[in-house]
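Q: We have chain X; now place chain F onto it with these hints.
Same order as they appear, the protein sequences are chains X and F.
With numbering that gives the first Met the number 0, the residue at position 181 of the first sequence is 180, and numbering never jumps.
With numbering that gives the first Met the number 0, the residue at position 221 of the second sequence is 220, and numbering never jumps.
Just so you know, these hints were derived from the structure itself, not from any lab.
Errors might be hidden in some of the hints.
[What the hints assert, rightly or not] Residues of chain X clear of chain F, computed beta-carbon distances all greater than 12 Å:
no., residue
1, R75
2, E175
3, I197
4, T234
5, G252
6, E256
7, M296
8, E333
9, G339
10, H342
11, D354
12, M361
13, N416
14, A420
15, R423
16, T430
[To be verified] Calculated lysine-lysine pairs in the BS3-like style (CA-CA distance at most 27 Å, straight line):
no., chain 1, residue 1, chain 2, residue 2
17, X, K405, F, K127
18, X, K392, F, K32
19, F, K57, F, K43
20, X, K392, F, K353
21, X, K309, X, K343
22, F, K127, F, K39
23, X, K405, F, K32
24, F, K389, X, K309
25, F, K390, X, K309
26, X, K405, X, K360
27, F, K153, F, K89
28, F, K89, F, K43
Beta carbons: idealized from backbone N, C-alpha and C, even for Gly.
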Amino acid sequence: MRIFMLGWEFPPFISGGLGTACYGLTKALNQLGHEVIFVLPQVVHGTESTHVLLKTPTQSQMSIASFAACEQLGYRAFQDPDMKNVELRSIPSGLSPYARPDMYEATTTTPGELHTVIDPVTGQLVQIPQANAADAPTSVINASKPAAQSSGHYGGDMFAEVHRYARIAMQMAIGEQFDVIHAHDWMTYPAGLAVAAISGKPLVVHVHSTEFDRSGEHVNQRIYDLERQGMQGATRIIPVSYLTRNLILRHYGASPEKIDVVYNAVEFNGENGPMPPPPSAIKRDEKIVLFLGRITMQKGPEYFLAAAKKVLDYVPNVRFIMAGSGDLIRSSIEMAAAMGIGHKVLFTGFLRGDDVARVFKMADLYVMPSVSEPFGIAPLEALANDTPVLISKQSGVSEIITHALKVDFWDIDEMANKIIAVLRHPPLQATLREHGNFEVRQLTWRDSAQGCVDVYEKMIASRR
Amino acid sequence: MASVCFYFQVHQPFRLRRYSVFDTSHHYFDDQKNGDICRKVANKCYLPANQCIYDLIKLHEGRFKVSYALTGVVLDQFAAYCPEVMDSFKRLAGTGCVEFIAETYYHSLSFLYSTTEFVEQVGMQQAKIAELFGGYKSTTFRNTELIYNNEVAKAAHDMGFKAIIAEGADHLLGYRSPNFVYRPPNSPIKVLLKNFRLSDDIAFRFGNRGWAEWPLTAEKFAGWVNQVNGNGYTVNLFMDYETFGEHQWSYTGIFDFLYHLPGEVMRHPDNDFKTPGEVAAAHEAVGAYDAHHLISWADTERDLSAWLGNAMQSNALQEAYNLEKDIKKMGDAELLSDWRKLLTSDHYYYMCTKYFADGDVHKYFNPYESPYDSYINFMNVLDNISSRAKK
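Same shape as in the complex, but just chain X (with noise of 0.2 Å):
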């Protein structure tokens, strides 16, 4: 099988669990001995630096003449040493994924460095302003300097972009050979259903989050128009939990038979390095509870302000950790700091990498309270780190880990309860932790990959 996938962020530049699944799943499929061809949006910086290779004709199976088709459209062409069967495309563009349409009017009055690329449709210079999460200050623990603002900002009309990249992708599908093309989340929907136009392919889209669970009732009509045209023209639709399965069928009115929920899955690489040295803001014998992910209305992070001060009221030696950044990193600040526990919460800005799992494996608690939470891999991050969760039953992921506490978003006084009952009790700790890391071991990106050849099974079949 061959695929054309639209997807997100590749090592080191990964911002959150779309680019964790779209990678996942396409380092599995080529492990399947599937071939995918990988398009994603770039930004083109000077010097990145990245285990991803710049590829040339020579050590391609592209023939020179579409390489050069290539570097005449404008794209890069890449490839990971680690995946033979994986074709990577950069397309130039300041897409990325948590960008929101209202932050570019938000932010043009104070522009960020800008990149030159060529539209490769026009031929002509265009300038894109440098935006990705991943740009964010990385710092560990340092809660006098929060994460600056790195949502993402375009030098133009956010959807103008969007099907300015559909159509770069549309020509660069010209001349591919492919089965079935496999598009993630709602901007590359336009892609998606653009290159299924012209190849006549089936296309798959891939549900990480929706407008709902992103905005909640403040819903961007555009965005969820967009939505809403890919779920409809494709010919199925990959929902990560069955929570999105049912807001698809209720908010966009797809058919409930050409959708197949495929969960997602954590990368367990058998590592369990010793517990890395407390940094030295944080006093041994406190305790840590952890929030790592976006902070944004999604990810509820004043829920998590809310009962770490009912913790506090409780137990005095506790530490919480709010490790991301995002559009609320702000108010959170001045939430902790109204409640009297500023000098209780420490934030310490984006993380990644080895940052990510050493403070997992710092923290007595992760903690995930987010209001609408498609899946959530962080959890499952946080379990294969050895450390116990509690997460709220408004996710995805809550379907399938069974060991785990589970609190709704908004009980507060619960969320408490079971944060102070982790701090006291060493035996539910050691429970949690010891049934959890077991639990997550047999959630493989092979299982979602097998899942989603399934799925492209299905569509061929269907088309016979």
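A: Below, chain F without anything else, positioned relative to chain X:
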């Protein structure tokens, strides 16, 4: 000669209410839920089953006999929530065809943690049985969930019991049959072993349409009993009383089965019904049943892992029994009663993580969403009780 020996376990725990770490009330139990469950099970099981047994005793003119182990906590709940169940048991006691078996008042694991508490709880249950059933004195003992080893048997003997009930575990019996009377190696008490295949055919498999023997008729079951003839002298059918109407719902035909079974069994002239005390009195032990390690009637493991399988369970039990001295010193009857209700084994069973992910029988009996929730709730209550003991 084969006797059928029925023993039914009758028990309901005092379930805890949702109790957060921020609660300070001394009221720990969910009266509403306990009352609801007690009345529901009374209507589905206790009342119709007692009526059926009563009718059978009358029909067979005293040749049909059964035995019950009634925990103190279920008797307390009958008194509080459905006194008509108590009356129906009194009516059964009046037939003279019913044996009442001794056990711990609180259906507790006290034997494992405190001999003093164990002996006190058995004494309490016996006093309650005597009070309700005209000075009745039990001669047979069963420990909570058939938790058993040689030491339990010896303790029962030392308390004056003539017989004790245990699981007929394959690994202890080996090639031997559970259909005989045995004794422990360390005391002369008689041991009656559960025939778990035939017991579980009724208790677990009766309504299972996927089971090769479904549907199970009284006639078919009596045929299996007849096969024992000449190869043993008692078929010990030990099960939860809630099997009738609650675990196996009425529509499965379980009451019809029960109603027709005695007639079918006694159709063979060599067969009869006996209570455990009668079986023990009628037969000498044929050999030793040597249980060094603790066994129980739970799950396929027949061990203690349903109550002591993880760190939360052993911690909760240890912490609960650690309070014994302090609480008894206080001389506060209400505090002592609250604490003892926490010793009921069900609370620890709810914390079991075994099979939790598979969602099986453990989940059916569990009022909590997860074993972790049950542990947290329990520890919050225990913490409050502990603060009362230290005043």
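Q: None of the hints should be skipped; say for each whether it holds.
A: Hint by hint, here is what the structure shows:
1. The Cβ of R75(X) sits about 45 Å from the closest Cβ of chain F, beyond the 12 Å cut-off, so the non-interface label holds.
2. Once the 12 Å rule is applied to beta carbons, E175(X) is consistent with being away from chain F; the minimum gap is 43 Å.
3. No Cβ of chain F comes within 12 Å of the Cβ of I197(X); the nearest lies about 46 Å off, and the non-interface call holds.
4. Listed as a non-interface residue, T234(X) keeps its Cβ farther than 12 Å from every Cβ of chain F; the least gap is roughly 34 Å.
5. Even its closest Cβ contact with chain F, about 33 Å, leaves G252(X) beyond 12 Å, as expected for a residue assigned away from the interface.
6. Remark: the non-interface label on E256(X) is consistent with the geometry, its nearest Cβ contact in chain F lying 27 Å away (cut-off 12 Å).
7. For M296(X), the condition that its CB be more than 12 Å from all CB atoms of chain F holds, with the nearest at approximately 27 Å.
8. For E333(X), the non-interface assignment is confirmed: its Cβ lies about 26 Å from the closest Cβ of chain F, beyond the 12 Å cut-off.
9. Annotated as non-interface, G339(X) keeps its C-beta farther than 12 Å from every C-beta of chain F; the closest such distance is 19 Å.
10. Interface exclusion of H342(X) from chain F stands, the closest Cβ pair being 23 Å apart, more than 12 Å.
11. Against the 12 Å criterion, D354(X) stays outside the reach of chain F, whose nearest CB is about 29 Å from its own CB.
12. No beta-carbon of chain F is positioned within 12 Å of the beta-carbon of M361(X); the least distance is around 22 Å.
13. N416(X), annotated as away from the interface, has a beta carbon of chain F within 12 Å; the closest lies near 4 Å.
14. The beta carbon of A420(X) is not kept farther than 12 Å from every beta carbon of chain F, the shortest such distance being approximately 4 Å.
15. At roughly 8 Å from the closest C-beta of chain F, the C-beta of R423(X) falls inside 12 Å, breaking its exclusion from the interface.
16. Once the 12 Å rule is applied to beta carbons, T430(X) is inconsistent with being away from chain F; the minimum gap is 5 Å.
17. Between K405(X) and K127(F) the CA atoms are separated by roughly 42 Å; this puts the pair beyond 27 Å, and the hint is violated.
18. Annotation: proposed proximity of K392(X) to K32(F) holds, straight-line Cα distance about 24 Å (limit 27 Å).
19. The suggested pairing of K57(F) with K43(F) holds, with an alpha-carbon distance near 22 Å, which does not exceed 27 Å.
20. In summary, the hint linking K392(X) to K353(F) is supported, as the alpha carbons are separated by about 22 Å, within the 27 Å threshold.
21. Between K309(X) and K343(X), the direct Cα distance comes to roughly 12 Å. Compliance with the 27 Å bound is thereby established for this hinted pair.
22. Using a Cα cut-off of 27 Å, the hinted pair K127(F) and K39(F) holds, with the two alpha carbons roughly 24 Å apart.
23. A threshold of 27 Å between alpha carbons decides the hint, and for K405(X) with K32(F) the separation of about 22 Å falls inside it, so the pair holds.
24. A distance of roughly 25 Å separates the Cα atoms of K389(F) and K309(X); the hinted pair therefore holds under the 27 Å criterion.
25. Using a Cα cut-off of 27 Å, the hinted pair K390(F) and K309(X) holds, with the two alpha carbons roughly 26 Å apart.
26. Between the alpha carbons of K405(X) and K360(X) the distance comes to roughly 20 Å, so the proposed pair stays at or under 27 Å and holds.
27. Straight-line distance between C-alpha atoms of K153(F) and K89(F) comes to about 31 Å, which puts the hinted pair past the 27 Å bound.
28. Proposed proximity of K89(F) and K43(F) is supported: the alpha carbons are some 19 Å apart, at most 27 Å.
The structure does not agree with the numbered hints 13, 14, 15, 16, 17, 27 stated previously, though it agrees with the rest.
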